[in-house]
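Protein chains in written order, with the working numbering: chain A, 17 to 152; chain B, 17 to 152; chain C, 17 to 152.
For the record, the hints were derived by calculation from the structure and aren't laboratory data. Since the structure is predicted, the reported quantities are computational estimates derived from the model, not experimental observations. Incorrect hints may have been included.
One copy or two, either will do: identical chains are not told apart, so a pair holds if it fits within one copy or between any two.
Unchecked claim - The list that follows gives simulated cross-link-like pairs (lysine to any residue, SDA-like), each with its CA atoms no further than 20 Å apart:
1) Lys28 x Ala112
2) Lys28 x Glu66
3) Lys28 x Arg105
4) Lys28 x Ala64
5) Lys52 x Leu33
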Amino acid sequence: MPFARISLRQGKSPDYLRGISDSLQRALEESFDTPKNDRFQVFHQLDAEELVFDRHYLGGERPRSDDFLIIAITIGKPRDTATKKAFYRHLVDLLAVSPGIAGEDVLIVISTSQRDEWSFSNGLAQMADAASVASP
Amino acid sequence: MPFARISLRQGKSPDYLRGISDSLQRALEESFDTPKNDRFQVFHQLDAEELVFDRHYLGGERPRSDDFLIIAITIGKPRDTATKKAFYRHLVDLLAVSPGIAGEDVLIVISTSQRDEWSFSNGLAQMADAASVASP
Amino acid sequence: MPFARISLRQGKSPDYLRGISDSLQRALEESFDTPKNDRFQVFHQLDAEELVFDRHYLGGERPRSDDFLIIAITIGKPRDTATKKAFYRHLVDLLAVSPGIAGEDVLIVISTSQRDEWSFSNGLAQMADAASVASP
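The shape of chain A in the complex, shown without the other chains:
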């Protein structure tokens, strides 16, 4: 893994979603050392009344806009605080370039699972079995 769930307002183009997907994947590879091709993401496109968020709480200088998105990521092994911080900064920088999202509009939340809590295919617990497999 990781497995990411991205929640945002309805109405963006497939290209816009692709930009988010690519920037997220690149940030994971470069900051979390996630393997290339280890990409599993779900997008939830929501109506205005289905995505409720405060425009100011721990936000930036400008209020959050309608481009606001929540990126919830489940990872498969612990990362230390410095590594997480580097990931947040890198992801926000990449999203600013593609698809072009302001830093104010990016909320990230990570949940950490155990290595034996993943089965990628065929009912195998690949992470638990192969300590040498790169971690999700």
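We have chain A already, so just place chains B and C on it with the hints.
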């Protein structure tokens, strides 16, 4: 935070969703001491075959109805059992008033993340950086 | 519990979803000793651009197909590695029969919550209160 995902049957009005949102936010503020304006919620409105639930398992005297909802909340620091129990009771009481949901129809599940697993904006780890910030 | 979220491509029949639901429930009962009727599941049916997955990463001999699904399960008590492995294998075997999904197309990820993090109805913390209640 917290970050809440609410799953329910399709067909409710925006006012009904707003009632859930407000009751949930108030319960978090009053029982978990969540800051005002720290509100981040996603609603998943589902067809009948997309929301599968048992009408009786650990339920109330009456079976669960089509108003059944699942409130899944990710929080940013541990709460003790007594605090969680008070939150459940308070949330159910508030939802009974607005938008008017029976206690039988409210399922709540909490997941706990670490303080450094949240970035609210601009790639910063606000909770990890400021011990004085109220906890999500 | 457990509480399961299943993400898959749009366009399957209600019978197909029911097959997934039944196979998942049976695997939970038989491998995790989940109580009968303890069934709570949400299906997210997604457009192609909303479900992003690599066709090969830790996959099978054949690439993942458009039938690919992600089963994310929150459970209420820890299970050991052997129990999880048995569950993965059993679930994949059952899904192959009904609704008929190849092992390559099944990704499973588990998250573990605490017993006091569940309220099934009426604002009660049934799992925390009754140690004798079967675990979610």
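Violating hint indices (sorted, rising) = 3
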